[in-house]
Every structure is written in C-alpha cells, then in structure tokens.
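Participant: For chain A, the structure is supplied; the task is to place chain B on it using the hints.
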Amino acid sequence: MAAWPHWLPLVVFAPLLGAVLTPIVSLRSRHVAPWWALAVMSVTSVAALFLVLRVASEGPFSYLPGGWQPPYGIELRFDEFSAVISVICLIGWLAVLYSLRYIEWLREVPKERIPYYYALLLLNLGGMIGFVVTGDLFNLFVFLEILSLSAYALVAFSGEHIAEMAAFKYLLMGAISSLLVLFSVGIIFGITGSLNMADVATRIGQLDSAAPAALALAMLAIGFMVKAALFPVHIWLPDAHAIAPSPISAVLSGLVVKVGIIGLIRVYQIYYTSGVLDLHTLNQVLVWLGAISIVMGAFFAIFQDDIKLMLAYSTISNVGYIVMGLGLSTNFSVIGGSVHVFNHALIKATLFLAAGALIYRTGYRTLTDLRGIGRSMPLTCIAISIGAISIVGIPPTAGFLCKWYIALGAFEADQPFFGFALIFGALFIFIYYIRMVNAFYFQAPVHPEILEVTEAPLSMLAPTLFLASLCLIMGILGRIPLAFIEPAAARLLAPLGG
Amino acid sequence: MEVTDIRVILAPAISLLCAALVFVAGSNKHWRRFWMLSAATLKLGVVMSMLPGSLQGTVYTWDMIDFTPGIGLAFRADALGMFFAAVSSTLWVITTIYAIGYMTGDEHRVRFFGFFALCVSTTVGLAFAENLLTFFLFYEMLTICTYPLVIHDETPDALKAGRKYLTYTLIGGAFIMVGSVIVYDATGTLSLGHPGILSAELGTRTLLLIFVSLVGGFAVKAAVMPLHGWLPSAMVAPTPVSALLHAVAVVKAGAFGILRTIYNVFGVDLLEEIGFAVPLMWIAAFTILAASLVAIFQDNIKRRLAFSTISQLSYIVLGAALLTPFAATAAIVHIANQAFAKITMFFVAGAIQRTTGKTNVHELAGIGYRMPWTMGAFTVAALSFIGMPLFAGFITKWYLSLGALESGEYWVLAVMIASAMLNAAYFLPIVYLAFFKAPPGTKLRVAEARPTLLISTLVAAAYVIVLGTTAEVPGMPFSLAQAAVHFVFGM
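Sequence order for the protein chains is A and B.
Going by the numbering used here, the first residue of the first sequence is number 1, and it counts up by one from there.
Going by the numbering used here, the first residue of the second sequence is number 1, and it counts up by one from there.
Hints are not guaranteed to be accurate.
To give a feel for the contact side, a few chain B residues facing chain A, derived at Cβ under 7 Å [to be verified]:
#1 Glu140
#2 Glu154
#3 Ala174
#4 Met225
Restraint-style ranges between C-beta atoms, simulated for each label pair [unchecked claim]:
#5 A:Ser459 x B:Gly57: 51 to 61 Å
#6 B:Ile274 x A:Leu215: 37 to 47 Å
#7 B:His486 x A:Ile476: 34 to 44 Å
#8 B:Gly203 x A:Gly73: 33 to 43 Å
#9 B:Arg33 x A:Ser469: 50 to 60 Å
#10 A:Ile476 x B:Arg205: 33 to 43 Å
#11 B:Leu390 x A:Phe466: 51 to 61 Å
#12 B:Ile6 x A:Ile476: 13 to 23 Å
#13 B:Pro451 x A:Glu104: 53 to 63 Å
#14 B:Ile6 x A:Leu472: 29 to 39 Å
#15 A:Pro457 x B:Thr187: 49 to 59 Å
#16 A:Gly190 x B:Arg205: 44 to 54 Å
Some chain A residues flagged as far from chain B (calculated, every beta-carbon gap over 10 Å) [to be verified]:
#17 Leu17
#18 Leu21
#19 Leu53
#20 Gly67
#21 Arg479
Keep in mind that the hints were calculated from the coordinates and are not lab data.
Every residue gets a Cβ at the ideal spot worked out from N, C-alpha and C, and that includes glycine.
Bound-form chain A, shown alone (with noise of 0.2 Å):
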C-alpha cells in the first residue's frame, strides 16, 4: 500500500476538495459538516501515514502530476521534514473532533455558519499539507496564502468584541510577510527562470552575482520569521491565538507557526545547495534571535493572568528553542530543532485542548478564576501538568530530548552561551506554568461553583489525554522521532562540508 504513488497529491486534495464540498455536503444539516471533516480528515491521515511510512524506508520521494519532468512541470517533494503532516493530520483529525462540541457551544458563533468553520478549518489543514509538500516556490507561496487566509477567518471566528481586530492585526503582518514571500519568489524567478527548488538551488548557483539572491534570500527569511512569530515580530501572535476557538488556537500555535519554520528550512535547502552565500550572518541573526525569543516570550507570559495568552507567549520562546537550533547548523541542533516541530505541535495543542476544556465548563479564563479546578476537573488538569512539564523540558517528557539536542549542538558549535541561554531560558518559562499548578491544585477558589464542574465530554477529553500521552511517549520513545530527521538533518547540512 505505502507504494501506491498516489498517496502524494490525495493527501494534498483530499482536505482542499473536502473544504470546498463542506457547505454543500451540509445544505440539508449544518450537522453533517463535522463528521464530513472527520471523514475527509481520516482519509487524510491515512495517506500521510503510507507517506511516512515511505520517507522511513525508502527516502524522499517526488511525485509529477501528469509526468511532466520538472523543471517544466510542477512537482511533489516528500522529504523527512515533510512528515511534519502526520502531526498536522492528527492534530487536524483532534480538533475537528474536539470543535464538535466546542463550536456548537460559542454562542457567539450563528449556527448556520457552522459548516464554513469546518470548511475553513479543512481549508487551512488542506493549506499547510500542500505547503509542506510541494516542491514549486510558487506554489508554496500559493499554499502559505491559502492557509494564512483560512487562518485570518478562523481567528474571527469566535465572535469575541476583540476577534476582529486580533485578526485584522494578523492578516497586517501576514500579508506583509506572504508579499515579502512573493516578491522574492519573483525574485529568483527572474534571475534563475525556474520556480522548482531543486532547480533553482542548482542554478543560483551559477550566477555572475549573488546580490540578488542575497536580496531574496533577506525577504524569504523575514517573511518566513513573521510567520514563525520570532522575536520582534511576533505581535500578532498572542491575542490571535488566545482568541482564536481553543480548537483553532491549538491548530494555529502547533502548526501555522511551524509553517515558518519548514519554509525557512526549504530556504536553507536552497541556500545551502547552492552554496552561493555564506550563510555565516544569517545563522548568527537566527541564534540570537531565538535567545531572545525565548527569553522575551517567557518573560511576557510571566504577566499573564489570561491561561490562553500565557500559553500563546510561550510558543514565542519555543519558537525560539527551533529557530536556534536551526541557526546554530550542526548536527544535533539540527535534528533537535526540527523534532520539535514535531513535539511542540503535540505539547501545544495538548495545553490548548486542555484550557480550552476549563474555558467550556468553567467559563472563566484567567488564572486567579479558575483557582481549585484540579479538583473538579482532575483529568483535564493532569493534562496540563504534563503538559507544562513537557514544554519546559523536564524529563522523560517529550520537550527534554529536543532542548538536550540543542544544547548539545550549542557545545558542538563552540558557542556555549546558546546552551545555558537555553536551558536557564526554560526555567524561566517554568515560573508561568508552576503558577498554573499551584492555581488550579494548591489555591483556594475564588469561585465556589468551581468544585462542581464536571470533567468535559469525551468528545473533549479524549483529543486531550490522548496528547497527552503522546507528550510521555514521545519523550520515552524520543529515539524514534531522533533516528527519523537524522538523514534529512544530514543531507541539510552535507553543503557545509560537516
């Protein structure tokens, strides 16, 4: 089965053409649109686990819709940082199945809209497979469109009196950086006239002047950064993903940003390749500007009282962990950034699932509110334990691996001062987080109808221990995903001659 060539451009369609059938399919119940998804969402992941499956045994794999031969052609490439889709389908496939109650539960939201948040949602999952997945610099740019639009809307989604202008703030920057994107796809298509990365990698290679590449490669790594919300651009990030429908904020903080990432990757792949620039400077701005991330994001987040904006401020400083571990280019640091795409994508929605569980039984949102909630909703909250302890990185959790990775790397590189900024920066996000157990475990509540919530249902809970696990089992079975990026890393860095 995994050999079946097709797998490529389904798991690409499936979730476009599903979004696009979504209203249609639900014309006679706005109830079907939910288990539309969930179906469109299962053959997704059935695809990409074949997908992954493949890059495990056989390597990267193209895929030329029609036999065209690039670089006339368009092209598929799956690589080993392409399985990043399996945690996009799964996290997809948990939050449509989470949205079911949640969105029915917004009053805001008017029921008969419904369906369009399925189909955006589709629409965005459907966005970042194609975007991850594609070997076309234009159609990356076209996939990072059709994903940072549905991301705008879904943002607007929950009808709070401060959505819109989150979201407008969020389509400002993210039509700054998809232009930013555009233009230096322009860019190297006028001086190389070739759209295809392997293509392109090659021939910029051979040009007389690198200026131009230079140019391209400062508007890529800009734009890209927007979308990774590093430090000083990232102050879209935090009111967009804490209004966002938790569903939606655990799409939105473990795998829109990460969309930055894999483009910047797919820049270094280009830029590495051909070998026309010293990427010396780059990588130097990347590494500090992933110290400070770290520093920044958990230093905002201390003043939070809000679960959701504390949370989103912390994936600015786990943003901040990849993007050094990127910038610092050894082995290690490599490898150790690009798993934690992986694991924060799971450590973040397992926290947004989580608090968003609280916000639909409680109805409050900030911290000193929801005081003594451990008690009343024990499952939910261990789900935030492990959490908080997997995102500062404590072993065997499933953030210690990648934090031990990039360290090691920082010593590797003869740059010591990134690994203790990065292990005492994870302290410092610890300072939040045990705020937030001792709010819900060790403080008397300030609401007494707190203690008689109930657990949320299981539509709800179940998307949310499950992460959870997988935070315990991705740190315990850490080789796996380690072993995995290690050839992708490899051949990433071949060009430096290390």
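Facilitator: Quick look at chain B alone, frame taken from chain A:
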C-alpha cells in the same frame, strides 16, 4: 562481574506501582495502608536480596529502551548505588509507618502518600542510574514530586517555601544539565560505570566548567553553603516530609550526585591531578562549622534540625573531596549514619508536635518525663551526631579523621573536634531541658505519642546503635561501602 537482573528495575517499579495504586484507588484508608506497607516491605526485600551478591562484587544491570540514539535509560546496581538504595528502602518502611500515624485525619492524604511513594521510587532509580542522563531524569522527577509535599499545607507560607525550593533546585538541575551536555560533547559517553570517564587532555577550562556545573548543581540539593537557602524554608512541610527530604530523598540525592561526579565522572586520580577538590574541601569545612553555629541560635526545633542537616551533609562532601580511601568510606557510610540519626530526630520533633503541640526548644522543659522513650531516642541520635563511640556518627568521624591524616590535611581534625563540640552545644541543651528541667509545681505523667509514631522512632534509634556497633560484622552496610571504595580506588 556484571549480571543482567530484572530486580534492578523491579525496585523502583514497585514504589511506582504503589504510587499509581494510591492515586487511582487510594481513597479507602485500609487498602491504601495495605498497599503502602506491602510495597515498602516488598521493595526492601528485593533490594536486600541483591545485597549478598553485591557484597561479593556482583554488579546487577538492566538496560531499558534507548532514550536517545546512543544513550539508554539504563540501570546498574553497583556497591555505591546499592548502599544508597538499601538505606532509602529501609527508611521507606519506617517512614511509611510513621507517616500513617502522623497524617491521620489530614485532608489530602491520597495526594500525600502518592507523591511520597513517587519520591522513593525516583530515589532508587537515582541510586541505580547507569548514566548521567538517567540520573538527571530521576533527579528532576524527584524535584517535581517533592514539590506537592513541600506545599502540602497550601498556606501562603508553604507556597512561598515551595517556590523557593523549586527555584533553587531547578536552577541546580539546569546546571547539572549543562554539565552533562558538556561531558557528552567532550567524551561521547555519560556512563557512570567506570572510575572516571574524563581525562586531563580536555583542558583545564572544560574540566573546570564541568566540575562547577555538576558539583555546583548537586550542591544545591546537598545544601552546601551558600546554596542551602531552600532547606530551612522547606521546614513548613509536614514532619514526615521533612524527614524524607532531610534524611533520604532530596538532600541525599544531591550528596550522592557529588559522590558520583567525583568518583565516576572525574575519578580520584584525575581530581588529584587537577586539584579542583581542594576548594570544595574548604567550602565543605566552612559549611560544617557555619551551619552548626547558626543552628545554636534556632529556637524552632525543626529549624535547628535543618541547620544541623546542612552541617552534617557537608561531612559527606568533605569526605568525598579528601580523595583518600578512608575518607571515601566515611563519606559513603555517612549517607546511612546521618540518615538514621536525623530521621530519628525528625520523628521525635513530629511526635512532640503531634502529642503536645510544642514546636520550640524552650517549651521542651520536662518533656522527658512525659515522653521518656521518645526523648531517649532523641538522646541516642544526639550522641551519634556528637560522635560518641558505639553510635553511628562515630564511625564517620573516625574514618574521616583517618582519611584526613592519610592525605595530610591535618586541619580537618580540628574541624571534626570543633564540629563535635558545636553539635553538643545545640543538641545537649535539648536533652538537658527535657530530662532535668521539669517545670516546678506541675505533676508530670507519662503520656507517650501514639504507637505508630513511637515504634518507628525507636526502630530508627535502634538502627543508629546497630550501625555504630556492628561496622565490622560482615553483611552490614559498612562492608558495602568498603566494596564501593575498592572499586573507586581500584584496590
């Protein structure tokens, strides 16, 4: 001889299972007690069943899954690890009995006993860790698991102490992680199964960085001055927790980490060569004296005991830093000697508090008439700390002094004598008050603590005497310590 043996992971697994049972189905008092007591006894049995083999030099190992490519979650019960595991398993039985009596009627007993069992599980995991990564894993888990115990009362004071505890220990943990990363980067291994994995070729700068990170990180939990701040604050915890923190789990994890760093990461030969142990020796000696001086002025019983702990732990550090076989013997056996004596004292403090409500030294006048057995146990422990022959503490001082002479550090003898006098100065007044200062005019009747508290206190005190009198009897912990020393020094 190395043997693959499941008992190495069975020991931590038993307490882990016990914790799970307590959490999931611990609301019934009788079942909870049954699980805890049977798990504690079972585990003691498992550890003790490895003792004969261990004394003959057998090392039991068990490799679990690979944690990262190249570094496994692996366990290895060598003599040093066995020593620590045996001490903590024995104390778990006694402390469980005591805690059942002490915590009767408390609101959050399920949580308390669940995390209590988890702590013991991680302690044994730590004792048997084969590499630094496994060690670090359990070390950090221990931090997390003790936090709910420290803030058990949920008062603002407790929460504040909990924050302080976490701040200190997690920063220490971060240093250990830095140290481990550098060790792995420099050598490509993290194994703790050799008498030293580093070599002088790494350069002084790298070695110094590793030494400071690892020893500094472990010194936080070992409460070496000036990193001791968390320990007196953590006294807000219930008494069995203080006993656990002070005698078995947390502080010993730090001390044990220092021993592992000195003996298994650096190795005595390398440390002798590069001389990093000398400053550590001075710091430990300073801590011994300074903490004792502070202890004299504490009126709260538990705070006085806390500073005494700080002082006593540095015996272990000092013994390790002297780098001679005799001193190493002292360092290792002091893990047990200090543990039993100090746990006796905490049991006494808790029993007095539960029975009479008194928490300060000046209130203790005449308490010996009311609780003669309890105060008798306290006297035994006090004499042990002072270093009277026939009590456990004497063994430590004797070997530590021998070790100091062996390495030519004669000033250590002066420290020993001063410390003995200081110990007398802050413990004997309590004994004096208890037995010789009956408040005039009151009629004193014997009203001992409830049996669970009293029995466990007396058992712990009996151990102090046993350890002090039977050092040369084969099969006692002392011989295990000697086996560890032989491995470390290649004798």
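Participant: Taking the numbered hints from earlier one at a time, note which ones the structure violates and give those numbers from smallest to largest.
Facilitator: 4, 6, 8, 9, 14 and 21
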